[in-house]
Amino acid sequence: MYPHTDHQRDKPILDVRNLSVRYNGRNALEDITFHLHVGERVAVVGPNGAGKSTLFKVVAGVLLPNAGEVNVSGSRPLSHSCIAYVPQRTQVDWNFPVNVSDVVMMGRSAKLGPLGWPKKRDWELVRHALETVELVRLSKRQISELSGGQQQRMFIARALAQEAELMLMDEPLTGLDTPSQEGLLDLLDTLRAQNVTVMVATHDLEQAARHFDRIMLLNHRLVAFGEPDEVLHTDNLMQAYGGRLRPVDGQNILNVDDCCDEGEHAH
Amino acid sequence: MSFLLEPLQYEFMLRGMIASVLVGIVCAVVGTYVVLRGMAFFGDALAHTILPGIALGYLISGGARDTLFWWALGTAIAAALGIGAISKHAQVREDTAIGIIFAGMFALGIALISTVRSYAVDLSHFLFGDVLGVSVQSLWLIIIFGGLVLLTIAAFYKEFMTLSFDPVLAVTLRLPVGLLNNLLLTLIAVTVAVSLQTVGVALMVAMLVTPAATAYLLTHRLPVMMMLAAMFAALSGVAGLYLSYYLSIASGAAIVLTATLFFLLAFLWKRMKSI
Chain Y
0 MYPHTDHQRD
10 KPILDVRNLS
20 VRYNGRNALE
30 DITFHLHVGE
40 RVAVVGPNGA
50 GKSTLFKVVA
60 GVLLPNAGEV
70 NVSGSRPLSH
80 SCIAYVPQRT
90 QVDWNFPVNV
100 SDVVMMGRSA
110 KLGPLGWPKK
120 RDWELVRHAL
130 ETVELVRLSK
140 RQISELSGGQ
150 QQRMFIARAL
160 AQEAELMLMD
170 EPLTGLDTPS
180 QEGLLDLLDT
190 LRAQNVTVMV
200 ATHDLEQAAR
210 HFDRIMLLNH
220 RLVAFGEPDE
230 VLHTDNLMQA
240 YGGRLRPVDG
250 QNILNVDDCC
260 DEGEHAH
Chain A
0 MSFLLEPLQY
10 EFMLRGMIAS
20 VLVGIVCAVV
30 GTYVVLRGMA
40 FFGDALAHTI
50 LPGIALGYLI
60 SGGARDTLFW
70 WALGTAIAAA
80 LGIGAISKHA
90 QVREDTAIGI
100 IFAGMFALGI
110 ALISTVRSYA
120 VDLSHFLFGD
130 VLGVSVQSLW
140 LIIIFGGLVL
150 LTIAAFYKEF
160 MTLSFDPVLA
170 VTLRLPVGLL
180 NNLLLTLIAV
190 TVAVSLQTVG
200 VALMVAMLVT
210 PAATAYLLTH
220 RLPVMMMLAA
230 MFAALSGVAG
240 LYLSYYLSIA
250 SGAAIVLTAT
260 LFFLLAFLWK
270 RMKSI
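Chains as they are written, first to last, in numbering that gives the first Met the number 0: chain Y, 0 to 266; chain A, 0 to 274.
In short, the hints are calculated from the structure, not lab data. Don't be surprised by glycine CBs; every beta carbon is placed ideally from N, CA and C. Don't take each hint at face value.
[As the list claims (entries may be wrong)] Sample of chain Y residues lacking proximity to chain A, with all beta carbon distances greater than 10 Å (derived):
hint, residue
1, D92
2, N98
3, D101
4, R120
5, L137
6, R157
7, D188
[To be verified] Covered stretches of chain Y (in silico footprint by chain A; criterion: 3 or more residues with CB under 8 Å from a CB of chain A, positions within the stretch not fixed):
hint, segment
8, 27 to 39
9, 178 to 184
10, 230 to 240
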């Protein structure tokens with residue numbers, strides 16, 4: 000189940016065992032077991048309602064599982080602050096009266112401690128994070144004035160300011176134009192140097208295959224998890240997507256009938 | 000000049016003016032979070048829910064006014080935390096639950112007060128405020144508790160901002176989310192108790208929401224929004240009392256009408272600018 004990858008450095012950054020989550024009396028996630036290595040980028044793929052957001056929320060510690068364990072770098076998620084959760088764009092109040100650097104500084108708010116105000120090092124971290132995502136020019140912009148791609152990059156900067164080691168991104172590519180998508184994926188590649196492990200929920204199988212080390216196929220259960228060419232087989236995909244899958248041509252090029260917006264998260 | 004100074008020769012007028020400015024500032028700053036978190040209905044309900052507490056204090060003290068602040072404060076904090084807990088665990092929708100409790104408690108308050116013969120006058124003071132009746136002692140209570148509210152907001156500024164903008168981030172950062180939420184509810188409750196005498200329970204929501212909403216139209220920064228809101232609220236307090244003096248209209252209503260006028264002007268200005 001855990002194929003050899005080049006990124007296996009020391010111990011796993013994320014270790015999930017026998018995880019089950021029930022939601023409104025139904026199983027959202029059933030008996031999920033996997034682990035991630037430091038610096039890996041993993042795409043989580045599955046139909047709407049497959050439990051991708053639920054998985055991310057449990058790993059982030061926002062939602063408690065009904066069974067199983069989530070360990071982040073050896074400790075449970077609620078005792079650790081190395082996780083950054085990048086929300087779906089539709090779940091953010093873009094009219095909130097803050098600018099880009101305010102949002103990035105929020106990543107520091109726990110480290111400042113109660114009653115603490117940002118110090119020089121905090122401003123430097125924020126500035127550096129904004130440089131990494133190329134948003135320094137827009138740091139004083141109100142957040143509603145950003146494009147979709149810039150909004151996602153702002154949240155990545157916040158994760159960097161947070162000094163997160165594991166970044167969970169819930170469908171960051173949805174609704175972006177192709178250049179913005181490519182820019183974001185390139186940015187995620189550069190984060191590899193900083194040993195940030197990235198888990199991204201996406202709908203785009205082809206992109207997942209090109210840009211990620213491993214692909215996790217999810218449909219309430221873990222259908223498959225491994226390197227792209229191992230995972231993206233018709234059998235697996237049929238199991239994950241059922242009838243919504245149309246083989247296009249050859250065995251590995253597939254097309255999925257799946258609406259990309261809304262649906263799964265309308266709760 | 001004498002037009003502005005004439006009302007101030009009365010000490011009760013001066014006290015009322017100071018009280019409405021202070022209360023306005025506290026309401027506006029707390030109201031910023033009420034507006035940003037969509038808690039207007041909660042604020043309105045909370046203000047109404049404290050009526051039975053005030054009524055009980057009023058009956059027990061035999062009509063004395065000075066102890067009423069403490070009754071209001073106790074009831075407001077209990078109601079705020081109670082509503083907070085219910086909306087978390089309720090079987091019905093949150094706004095439905097709040098609606099049921101708020102109307103029921105309000106009715107209980109009116110029923111209690113109606114057992115007293117002179118209830119019409121006193122009830123109207125509780126409902127619409129009696130800013131010209133602010134005693135020196137009440138003024139001190141407003142200064143102390145209003146100051147405490149402002150200090151707490153300043154101390155937890157970044158926590159409240161993070162929690163309000165992105166609750167999920169607050170959880171992943173391991174901020175004490177439950178504690179902070181209850182602290183914010185408590186701050187709103189203290190604000191309601193502090194404001195009771197200037198605007199009364201029925202108009203309270205206007206002081207919590209209107210200046211903050213006005214400021215929200217004009218800025219994109221949270222600290223600026225708080226300062227603008229405080230400025231609009233303070234101006235409304237002063238202008239409202241002059242209006243009340245010269246036009247002989249109820250003071251609480253005059254303050255709220257002035258605040259509403261500021262909102263309309265800001266709204267129109269923004270519309271004109273965007274065309």
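Results of checking the hints against the structure:
no. : hint       : verdict
1   : D92        : violated (7 Å)
2   : N98        : violated (7 Å)
3   : D101       : violated (7 Å)
4   : R120       : holds (16 Å)
5   : L137       : holds (13 Å)
6   : R157       : violated (8 Å)
7   : D188       : holds (24 Å)
8   : 27 to 39   : violated (count 0)
9   : 178 to 184 : violated (count 0)
10  : 230 to 240 : violated (count 0)
When the structure is compared with the earlier hints, violations turn up for hints 1, 2, 3, 6, 8, 9, 10 and for no others.
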